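Based on the provided sequences and hints, a complete structural model is requested.
Sequence order for the protein chains is A and B.
Letter by letter, the first sequence follows residues 1 to 190 in the working numbering.
Letter by letter, the second sequence follows residues 1 to 615 in the working numbering.
Note that these hints are calculated values from the structure, not bench results.
Just so it is clear, the structure is predicted and the values come from calculations on it, not from any experiment.
Heads up, a few of these hints could be off.
[Stated by the list, open to error] Simulated pairs of lysine to aspartate or glutamate, EDC-like, Cα-Cα distance not exceeding 16 Å: (1) 580/B to 57/B; (2) 217/B to 192/B; (3) 55/A to 593/B; (4) 53/B to 591/B; (5) 601/B to 90/A; (6) 376/B to 321/B.
[Unchecked claim] From the derived model, a few chain A residues whose C-beta atoms are all more than 12 Å from chain B: (7) 26; (8) 30; (9) 31; (10) 34; (11) 39; (12) 80; (13) 81; (14) 117; (15) 119; (16) 180; (17) 183; (18) 184; (19) 186; (20) 189.
[Unchecked claim] Looking from chain A toward chain B, a few residues come up when the C-beta cut is under 7 Å (computed): (21) 101; (22) 102; (23) 105.
Glycine residues also receive a C-beta, built at the ideal position from the N, C-alpha and C atoms.
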Amino acid sequence: MRKHLLYVSLLLAACPALAVAPAGQTYTEGKYFTFKVPDGWVKKEEGLGLSDSEKKVFGTDFFGPYSGELGVRLGVHYYAPGNPVQPTAEKFIKLHAAPAIGVNLDGKVYGKVKAGKAGNYYAKVFERKTYEYKPENALHPKKIHIYEKFYVVPVKNGFFVLNYYAPMDLARANLKSFETAVSSFRPLMR
Amino acid sequence: MTRLLLSAVLAALAAAPSFALSAADEATITKCADNIDPDKKQLSPETADNCIKALNDGEPPLITRYSHVDSEAAGILIARNNALIDLKRIVVKQERYQGATALARVMEKPNCTLCDMGLGPKPETAFDWVGKYASDRLEETESTVRTWDALGSIRTGSLASPDYSMNKDAWNGQNILERYSKLSDWARKETDKLVAISADPAAASKLKMDDLVKVLKEDLIFGTDAPYRAKLDALSKTVKESAGKPIAPTTADKKGKDLNTASDRLAALSPDNHGEYLARTFDNSSAARPGAFTEGAGGKTAAGTGGVKPIAPVEMTADQEKALAAAMISVDKKGNPTGYLVDVMNETEAGKRTVAFYKDPKYVPAGSNKLNFGFKREEGVFGYWNPSERNIVVNSEVAEEFAAKRGMTVEQLMKDKAGMRDLALYISPTFVHEAEHQNQTARAIAAGIDYVKFSNGNSTDPYTRAKENLSNKWSAEHMIEYCSKHGGAGCFRNFHEMHSDNAEKFMQGGMAALDTLKAPLYPRIDSMEGGAAREFKSAQFYASELKLLQEKARVRPGEMTPQEFKDFSDYTKLMNTRFKWYTMMYRESVDNEAEALAFRKKYGSSGLGLSVPAL
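Right under this line is the structure:
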């Protein structure tokens, strides 16, 4: 009897679908770019501190499904000339398409930089496989595998970066959403 | 005596004109005060951010000058505007259990500044604010704090059943983390029920098993929930089998497994092979195909396993722990630090700064730079600074495992100079990191802002995440500079991969990346803004009392009692230390970010010999 009652409570509860975020829309970042956000992905606003104009970096991140503590992330940013964070597209690629400290640590994997397109715009494209270590300051932290993909779009004034970050077990399933967003990318300034 | 005290009070009050406020200052203060007044319904985090910058501008900073006019109001300005900044950052940057822990810290712990503005202690009171200032994050925030309406009908339907008799008011009446705990309990019970039901195929077929399993797994987040997660995994497998479906991993599962397996093999590949291998692996080629890639030569790592057979770690004795610590770093008769660690640290600016700290005469009177380093068994951790005991500890297991990978005991390692140098290098990032924490305490004591007191008489200033960011910065800079001088890239293998990874992330994104990276790992530690809000909130009683005493001293000084004179002195000192702590911390963080950008510029372009892809 007890089992039956429990079954009923769960069965009734299970009927409605889980909450689904609104369908994807075109996102516009000021005068810099637009792209289509994957369905159901959630925008993560920048924190405070240095403002976008102080950093001369404009953009945003959207989060998709989660695996444990880590979520799938799509970021699109415009780096204006003179920004102190990533001064040039070449420098950005140098720091991300190869180990920023010059060595392949702990089996990280860096793909070759290839030619590609983000929307109708020429881009340099590369992938990499990195890690997150948790918990912090442990002698034997757990190594969580991360897949990332980058599109770097140089323009006359500055450059754009579209990047994908995903725990490995979610990487494949959500990559298409990222690629769809990339294909919809359109700079509003060049 | 009273006459002397009166003179001192009047002198203090007379000093106030030197902190006179201009009309522009007054306007800034009014704008910032309006922003934090709940009746004016602003509470804007953007305005708060502008206010904090403006209040810290000038020499002395505006907030310092204002504190001499009205310390209570100045304290509230700092506390509330920082609290709004902190809340916005938590809401937009953190979610799930980490976000919940952070929100519990700022809303439910004592000295809740947000609560004074109607934001807390119940998180539901902040939903309108989130909707106004971070609307895209409202749904996520509601889910993060596990409010009843965001639980979804699977949970609420079950929780409202006679088994749990829960309703919205009772549920939302619980603290944030209590909700997570209750959901874990609920999910455990429902998991057992689901497993039992699944024995009856007819009953199980009527359930939306995938939805139920997904929801239950979302709530089984604690380490002790692992057996229940395993039950659900087994249940899912059984259901698929009984449905006659082939049991095949999803594409993502299979690819993840492929890559996980491959990653260990890739460690020895040359970088040129990685890209090809990655592309092939991710584009459905077989990772296990014989001859698919060429093995690199490998190399000697921190473990030093080349040609050496590792042994099982051998525990050190207490005497060996002391001897090893002394060999790593100790102070000679002239007061100079010496040892293997010192030799390593003298190779870098960050390391030299660390060594110099231990012989800096300005900290000697307080004894705050006394070297107290040791190895101690602290299972699982790498190392830490203990501000109460004022000692730096490295887990004995670190040395034992390091030696074992070289086929040695620590006793044998201590007779091997090369091995000792390598161990010193291996632990040096941790030492630089933890010594910076000691340095932070010493700076606080020297500045008289060490108002956090321990029962053993030791003291420090408040602990915020800004301290961790700074320690991580110095540690990363130490590794990067050391390796730029010693073999370049390959030298990073001499460090724990977690430490080298911090250095890499620092080079990619600077201190902002470190804070973003670390914030979810320290959900219980106040950010700089959160710490400021808490400190001034906790001091609000004293600020209020001081304001009354200041007024009395101005208007009716002859009526001041000896106790009031003493209180006036004590409260003035107490508030001054907090304003000094805050302005010091603020400026230090700004200066360090600028220094970090300069460091990245220097070492990111030429230090490590990377080729730049042509565009």
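Checked hints:
1. 580/B to 57/B: 14 Å, holds
2. 217/B to 192/B: Given that 16 Å is the threshold and the Cα spacing comes to 13 Å, the pair holds.
3. 55/A to 593/B: Within the cut-off at roughly 12 Å; holds.
4. 53/B to 591/B: Within the cut-off at roughly 14 Å; holds.
5. 601/B to 90/A: Satisfied, since the Cα-Cα distance of roughly 14 Å is no more than 16 Å.
6. 376/B to 321/B: With Cα atoms ~7 Å apart, residue 376/B and residue 321/B stay inside 16 Å; holds.
7. 26: 15 Å, holds
8. 30: With a cut-off of 12 Å, residue 30/A remains clear of chain B, as the shortest Cβ separation is near 16 Å.
9. 31: Non-interface label stands for residue 31/A: nearest chain B Cβ at 20 Å, farther than 12 Å.
10. 34: Non-interface label stands for residue 34/A: nearest chain B Cβ at 16 Å, farther than 12 Å.
11. 39: Correct as stated: the minimum Cβ-Cβ distance to chain B is 14 Å, above 12 Å.
12. 80: 16 Å, holds
13. 81: Check passes; 15 Å lies beyond 12 Å.
14. 117: 14 Å, holds
15. 119: 18 Å, holds
16. 180: Check passes; 17 Å lies beyond 12 Å.
17. 183: 18 Å, holds
18. 184: Its Cβ never comes within 12 Å of chain B, the nearest being 19 Å, so this holds.
19. 186: 20 Å, holds
20. 189: Nearest chain B Cβ is 18 Å from residue 189/A, so the label holds.
21. 101: 5 Å, holds
22. 102: OK, holds: residue 102/A within 7 Å of chain B, min 3 Å.
23. 105: With a closest approach of 5 Å, the residue 105/A hint holds.
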